[in-house]
Amino acid sequence: MSGRKSIGESIFDATNNVFMFFMILITLYPLLYILFASLSDPVRVMQGNRIIFAPSGFSLDAYKAVFKNPSILSGFKNTIIYVGLGTCINMLLTVFGAFALAKKGLYGRKLFMFIIVFTMFFNGGLIPAYLLIKSLAFTDTLWAIVLPNAISTMNLIIMRTSFHGIPDSISESAKIDGANDIIVLFRLYIPISIPVMAVIILYYAVGHWNSWFAASIYLKRRELFPIQLILREILVLNNTDNMMIGAAVTDAQPIGETLKYATIIIATIPILIVYPFLQKYFVKGMMVGSLKE
Amino acid sequence: MFEFLKKQWMKNKYVYIMLIPVLTYYIVFCYIPMYGVSIAFKSFMPQKGIIGSPWIGLQHFATFFDSYYFLRLIKNTLGINIFWMLVGFPAPIILALLLNEIKSATYKRITQTITYLPHFVSIVVIAGIILQFTSRNGLINEIIAMLGFERIAFMIKPEWFWTVFVTSGVWQNVGWDSIIYLAALSGLSVEMYEAAKIDGANRFRQIIHITLPGISPTIIILLILNLGNLMNVGFEKIILLYNPSIYETADVISSFVYRKGILEANYSYSAAIGLFNSAVNFALLVVSNSISRKASETSLW
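These protein sequences, in sequence, are chains A and B. When we follow the numbering used here, the leftmost residue of the first sequence carries the number 1, and every step to the right adds one. When we follow the numbering used here, the leftmost residue of the second sequence carries the number 1, and every step to the right adds one.
Chain A with its partners taken away, still in its complex shape (with noise of 0.2 angstroms):
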């Protein structure tokens, strides 16, 4: 193989390593700036919200009084409640189903794969969910958070296919030595295939983790809303009035400002530190999802 570049391809090659650089730097750089401007001085940011490369005074204020602060905190406790029995359900179901889809000769198995992916071209909408809910008598509970999207059919189907690839071989022997389908699902297949698991249940957290739409129609009690309503109260409806509890008037403009910038740090950190360990399994958990019958 020859090793010569010509000009062109050296001229392409360092111009597409500046533009991934460029890629990094605009990836990151809204990122860093808000994690600078909730370490800075919240009386310089209120002046004005110049272009910053650092923490322009560093002050840690605004991560006080987050922690101060009574809503974010029942927030973070909420979140972590439905992140945690959510994930739970979800992985549970997923992987009943996957198994049972998988199970090749189990009689009708091409009804139950119609009727679980038929759902994901159609769905009766917004409306009528929502009806359901209210009629379930699910409204302002914490049911209506981790109930209505239990199974991602999405995430099924890539389980499936992970476990229609493990050899039929290792059920059969185990059967011969006398194990039922239980124990074949939870000791062979569940670790066989964990890298797959890894992904889907870091997907199911980040989706519990991330959600508010539900909560936002369901919830009426203010004890019960996870961290991203809260978040969307101080962002979106810029609605700060409940958040300065705990603040001097005079303190209360400034830390405002600055309180956003930390509360979106904090919410977000706990995905950010987890998912690069997990990104490896990525790829191979969309192969195995996608391209695979």
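There may be inaccurate statements among the hints.
Partial pick of chain A residues on the chain B-facing surface, computed with a CB cut under 8 angstroms [stated by the list, open to error]:
no.	residue
1	N16
2	N17
3	M23
4	Y63
5	F67
6	F96
7	F99
8	L106
9	I115
10	T119
11	G124
12	I182
13	L235
14	I271
15	L278
16	Q279
Since the hints were derived computationally from the structure, they do not count as laboratory data. For every residue, glycine included, the Cβ atom is placed at its ideal position computed from N, Cα and C.
Put chain B on the given structure of chain A with help from the hints.
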């Protein structure tokens, strides 16, 4: 017959038991709402329930089609999506192709990790960032002022909404959307490239003649899925960003259904509009799938 079913049950008892909660979920949360959509054809009164409410046939649909906002909603829904298809659909493909050409594996991985990042940020935060940066003294206007231009009030001027919406969408998702193309690219055989190199093709021609055709099945499937969603603009982001002064370009069918149905409790009317939306989407999906099946060999089903 009964013997047969009994034998099946005995053979796969636990699997069927596993299916019980799964199917219950689908029936309760997916199929019952599908039945509930029938309120679109009725004048729904909560006290009377679905069965008790009077049937009015297609009247809601007629009202909708005749309304002054009908064309506006269609225009915005289609317009935003077509704008997206023109900008947001090719962008991840181009990114994937360029990333594929990066020689250093470490640099490639670092770029990927960083560009995936915004996808995991919640839409509430994204909306917050957008509103903050496009404000009078926000980052974007600071840069504009520095360059000597006049500041723009982005979020109250209707003409800017589509640009802000699509651009921020690309920023958030181009990295993540490129994964699937990168996965397809990694599946292409090296021998074809070698053969092309021997025949004298430079990298650019290799991309045109080997890479693009190689990932075209993936591109086509995603194109079909996108076309099937043409009448479907995700309302979460719209609702977070819009305000009455930009309804004329920001209000889409789904956000209208939200306002009319959830906020104003006009249930059957908004259900009818929602049904109209789903039906059109489904039809588009079927059409684009059959076109693709005839034109190439790739299709969803």
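Results for each hint:
1. N16: 6 angstroms, holds
2. N17: 7 angstroms, holds
3. M23: With a minimum Cβ separation of about 6 angstroms from chain B (threshold 8 angstroms), the hint on M23(A) holds.
4. Y63: 17 angstroms, violated
5. F67: Violated - the Cβ of F67(A) stays beyond 8 angstroms from chain B, reaching only about 19 angstroms at its closest.
6. F96: At 4 angstroms from the nearest chain B Cβ, F96(A) passes the 8 angstroms test, so the hint holds.
7. F99: 6 angstroms, holds
8. L106: It holds, given that the least Cβ distance between L106(A) and chain B is near 6 angstroms, below 8 angstroms.
9. I115: Nearest chain B Cβ about 6 angstroms off; hint holds.
10. T119: 4 angstroms, holds
11. G124: Since the shortest Cβ distance to chain B is 3 angstroms, the answer is holds.
12. I182: Holds. Min distance 5 angstroms.
13. L235: 3 angstroms, holds
14. I271: 5 angstroms, holds
15. L278: 11 angstroms, violated
16. Q279: Since the shortest Cβ distance to chain B is 6 angstroms, the answer is holds.
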